[in-house]
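**Q** Listed below, chain by chain, are the residues.
Protein chains: 4
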Amino acid sequence: MTPFPAYVPPDFTRPDLAAAPPVRVAEAPGSGVLPAGFHATSNYPEYVHLGGGRWLLASGSRMDAVLVLDGDMLRVVEPRLVRRGDRVVVGRTENGEEGIYVHTTGFDAPAGAGGDKFTFRSRGTRESPFSRSYEELYDILRHDRDHGHIVWVLGPAVAFDRDSRAAMAGLIGGGYCHALLAGNALATHDLEAALFHTGLGQDIYTQALVAGGHYHHLDVINEVLRHGSLERAIAELGIRDGIIRACLEHRVPVVLAGSIRDDGPLPDVITDSRQAQDAMRAHARRATTVIALATQLHAIAVGNMTPSYRVLDDGTVRPVYFYIVDMSEFGADKLANRGSGQARAILTNVQDFMVNLWNNLKG
Amino acid sequence: MTPFPAYVPPDFTRPDLAAAPPVRVAEAPGSGVLPAGFHATSNYPEYVHLGGGRWLLASGSRMDAVLVLDGDMLRVVEPRLVRRGDRVVVGRTENGEEGIYVHTTGFDAPAGAGGDKFTFRSRGTRESPFSRSYEELYDILRHDRDHGHIVWVLGPAVAFDRDSRAAMAGLIGGGYCHALLAGNALATHDLEAALFHTGLGQDIYTQALVAGGHYHHLDVINEVLRHGSLERAIAELGIRDGIIRACLEHRVPVVLAGSIRDDGPLPDVITDSRQAQDAMRAHARRATTVIALATQLHAIAVGNMTPSYRVLDDGTVRPVYFYIVDMSEFGADKLANRGSGQARAILTNVQDFMVNLWNNLKG
Amino acid sequence: MTPFPAYVPPDFTRPDLAAAPPVRVAEAPGSGVLPAGFHATSNYPEYVHLGGGRWLLASGSRMDAVLVLDGDMLRVVEPRLVRRGDRVVVGRTENGEEGIYVHTTGFDAPAGAGGDKFTFRSRGTRESPFSRSYEELYDILRHDRDHGHIVWVLGPAVAFDRDSRAAMAGLIGGGYCHALLAGNALATHDLEAALFHTGLGQDIYTQALVAGGHYHHLDVINEVLRHGSLERAIAELGIRDGIIRACLEHRVPVVLAGSIRDDGPLPDVITDSRQAQDAMRAHARRATTVIALATQLHAIAVGNMTPSYRVLDDGTVRPVYFYIVDMSEFGADKLANRGSGQARAILTNVQDFMVNLWNNLKG
Amino acid sequence: MTPFPAYVPPDFTRPDLAAAPPVRVAEAPGSGVLPAGFHATSNYPEYVHLGGGRWLLASGSRMDAVLVLDGDMLRVVEPRLVRRGDRVVVGRTENGEEGIYVHTTGFDAPAGAGGDKFTFRSRGTRESPFSRSYEELYDILRHDRDHGHIVWVLGPAVAFDRDSRAAMAGLIGGGYCHALLAGNALATHDLEAALFHTGLGQDIYTQALVAGGHYHHLDVINEVLRHGSLERAIAELGIRDGIIRACLEHRVPVVLAGSIRDDGPLPDVITDSRQAQDAMRAHARRATTVIALATQLHAIAVGNMTPSYRVLDDGTVRPVYFYIVDMSEFGADKLANRGSGQARAILTNVQDFMVNLWNNLKG
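Residue numbers (numbering that gives the first Met the number 0), protein chains in the order written: chain A, 0 to 362; chain B, 0 to 362; chain C, 0 to 362; chain D, 0 to 362.
Because the hints were derived from the structure by calculation, they are not lab data. For glycine and all other residues, C-beta sits at the position ideal for the given N, C-alpha and C. Fair warning: there could be bad hints in the mix.
Far from chain B by the CB rule (all over 12 Å, computed), these chain A residues [claimed, not checked]:
| id | residue |
| --- | --- |
| 1 | His48 |
| 2 | Asp162 |
| 3 | Asp312 |
Ranges of calculated distance between the beta carbons of each label pair, as one might list FRET restraints [stated by the list, open to error]:
| id | chain 1 | residue 1 | chain 2 | residue 2 | range |
| --- | --- | --- | --- | --- | --- |
| 4 | B | Gly227 | C | Arg91 | 22 to 32 Å |
| 5 | C | Ala25 | B | His249 | 53 to 63 Å |
| 6 | B | Gly227 | A | Gly172 | 57 to 67 Å |
| 7 | D | Pro8 | B | Thr315 | 46 to 56 Å |
| 8 | A | Leu236 | B | Asp15 | 50 to 60 Å |
Under 10 Å between C-beta atoms, here's a sample of chain D residues computed to sit facing chain C [unchecked claim]:
| id | residue |
| --- | --- |
| 9 | Ser132 |
| 10 | Asn355 |
| 11 | Trp357 |
The task is simple: from the sequences and hints, build the whole structure.
**A** Here it is as structure tokens:
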């Protein structure tokens, strides 16, 4: 039993779609330059009409990419990765009239009651009930642990508290994390917790500000640089706990993307933003569930590149879940306003979220 | 074993205190009118010098009240409750020089290391680690369940989610609530959940907006008005779950204070703000722990009237804990900025807070 | 020229409305108790069918009230003000099928383009552009200054800054305020500013925390109580500036509603929440524009009781504008989630809002 | 007349400082690797003792860098830019006992009254009065326009509103901006406003969501890539307004730092975070005033690298002002919690801030 709805493809025998012309393509005039009228993708399933009623589904779309037609294959390509001469789909409509159909309702439940002219609480806020959201999430994670690809996107706050840090390590050890996307700070403060029991100099349990604690993250970075990599530093310094160590132990890939806010950075950090995007995108393509916590920068970046569906190897289409956990409506709304409308927000402190999750899944 | 520090009274043999003059009093010129130079209390322990080295401790202070000397008894009285002729303590210093001593360090641990010119994270935020805060809170609640007076101050959001509402009812049944202070909305939506499984028309589990749901709270209020009281309505409508019902079952007093935002209100609501303050203050005086969730109005009101200490029947002095649980630093800071400096903030969603608390205490 | 759109009434010759039955009424079984199936109003124009194609428009609706039919007059009455035997409209549909029609589109512009399956920025946030919102507001205020009824709802923060306090006083003097709704704190801190140049002890210009400043608001309250009223205190203490003084000078009515958070309160404060609601509602009924700043409690209370339209003496129907100015999306969304959907949010600091407004209107 | 306080250097004849040993240095064991016990700088003035009472002041410090002694020159160097063999200052005390003195009070006013055990409003919030903050800022900007180096750090929201965008362009034209630090989004949406009058598809004046508007920023990026640079695109597309164009016209350097959130990016964006930091640091070193608006990422990055003082060519030492303008206390507190304690927060909407600033300075 899967915990998600079946996919209902479009009915291409519908008169308007049956009448659709074949899609048009134009060659990219240069590498990284798009032809006029290029079609930009959403994260919904996107189909193009090859003619004769043959529609092709992109195997996993994303926001603000383009479609490149390679013979019978439809690739979703970031504009900067388009090569001169690539055959780029053109057309800015979505209803088939130019041979492009964006299918927004593939996973919809049959329509509910609704219809009041007036309702309270039409917008999700911190006062929305999340009891079911949690239970659904547990079901999804239990399923995807064995049959999916769970991607975590973590801000440093997860490592600032003893129990949430331990919970995340537990989830990794329990098989609930297939890739970890984060920044320099998450890794640094996770090691700081291992070596000093602090986060930016504050004890991760007692909240005490430790004397000299503002040196801890700098000492951590210097130590790792001295050893040459996170892997060697963790081995040689005898680090036995934490998030990064759990990833290494369980061979979970970690992508650390650099930013202008970084101290150091650690040697494992990818400092070029385009290379970092490519490394992150490799996991976003495969994701079946994404959980983004306590980081606006990384959450929006990954939100931009994650499809709302995935075509599995056996051809079935399933939804990709994207959870954003944040303290403020602004964070969640920002994701929605940048187009990641499928994001499900859980408004709470990430520490509690982590601890609850692990308490419920570890059983 | 108590989970809190011992109280260290001031050393009145210290030269500056030994030299303190007796305190001065002046008669109130009218009822509700204070004499010039009146002393306003804080929520710290306040002592007045009667002369000859005899210092009197108010048995539980509060913000912005005055001290009335009644023979040898020192009463903490809200200005509007002062009667003409009451002997009001005057003097605006706090160091003994006018016979008034405010003792801010009675529960302090011996001084820590500290002393860096520079630290990170000097301010509490959502990124502060709360692992120990939770554990301390569990210890305090386990102790105060049997040996204290736990006062809850609740906003309606607690009733908007199935699991947090059940957790609160569980805590009441488990003996962890000796008084409940709230408003019209908490009671209304708690009954709405019992009768309709919604909060303001939204299902408390599925988040679905129910057709006609914006009538639910009005129907609830009308039903209770028809029955004449919450108690009768709950009995006669056969309500079997929820927060208010748990209070009735376990004879936990409920104070519902009215506000201009109320529909109805329910017949049990105290609509005069001064009478409501008096009813709330009766519990604030006895409180050993206060937990205020998801309500700025009530949290600040109760914060204003709650001492930071209490003199127990056997004469020992213990701290009064005040927890504020809120999603935003602004809420917690506002309490601090209004003078309730002893408030401990836990920044999270109140639903998670409630569920965690009950999971840990019910065991 | 009016700065607002013309009202387009419903087309009652439309087949579904032409076929509508006459509305049903039922007698209230007790005072303050509603008959089963009562119809609750929204703040949109609401019509009831008397039969024979005669539809009656309530002259100004509000959230969560009921309709009482008094001969040919349709009164919008708060449930608690309903008298036993009042003929209350029953029916919970809004499309005419029970003789009740809620008209949500009376002021709509002809439909725009729209129709994309996907858009960014569908939700209003702090990043929304407000240039035109300001210009529209200036036009509305210039119009309503002479031809409307502008109601201000103020939180204390307006008085905490020298320039915003002066701007509000300027707007009152300039005729841009026909009623002021606020609480005890606004009046107290406005007088504190006049007497001590502070707000809760902080200098309203330099931000300095003044020694002994935490006594200021208590001294203010005590002084006013000693004089017996705000009016007498302002006259006898020689207060020459500020918001309350401007209201007295220009005979602008002030309603101060009490709350459980109040110190004092001042003698002019209405401490019973139902009486306060009645006094506020008298102004909400007449309002053509409401501006609510920096107060969730009062903003939501007034939002609940304000119509989205008003029938003028000459029978024309015009929109009632409701502006909410707040720093957080949560505040504005909360208003929307409580049903005041017509509220227009301007997300900014109220100080800047006030200063900008006055700079633009005083010219 | 300068609008800032005179600098009072430390009194090195004070016994504890007179007794200070010479500072110790250690050679960096590798490039980018620090010797054990390295001293990390704050953004306060930092002095090292060369012996014999000769103290050397770093000409402009920053957070989390190190001090390299080059003969008689004291360089402040980011750890990753340290070369093998560099003579790095070691020692983790700040009071002179290891020959290092951090001077935190150089610009302090003589101590004020203070001393109450209890005050309200000890923390800055949205309710703090900002009247004087604005006036001081105007004075500083008028001074630094001709005698300083004003650095702006801008998030994209500044370009999302017609009036704030025009105000920023006005400030640049008026000489109030000597360098602009921003990201890909600011430049993209500024050009989007020029070409389409939208920001992410929303009209920057009317708030209307324009049909097809979600293509605008992609079209902008594609156009600029086609032209090869912002400069050529602006010239060849005939763009006549906006922030970037004003910078080009007035030869104000623009540093655009890349991030993983970027679409495109524009060809002018520096995608390597270390190169971007270097380019930003060149301006932070010279800054006399920094104003950071509506961007946490860039604000904290620049906050980390900006000194709190600067030694001018004539040897005088002046404060460097750092303003952070944001809607939430969290943003401002985060900067403080990351060590940029000198940051002055103005809590408001950046649109209003910009418009007010320009209205007051353009006069």
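**Q** Find the hints from earlier in the document that the structure breaks and name them by number, from lowest to highest.
**A** 2, 5 and 11
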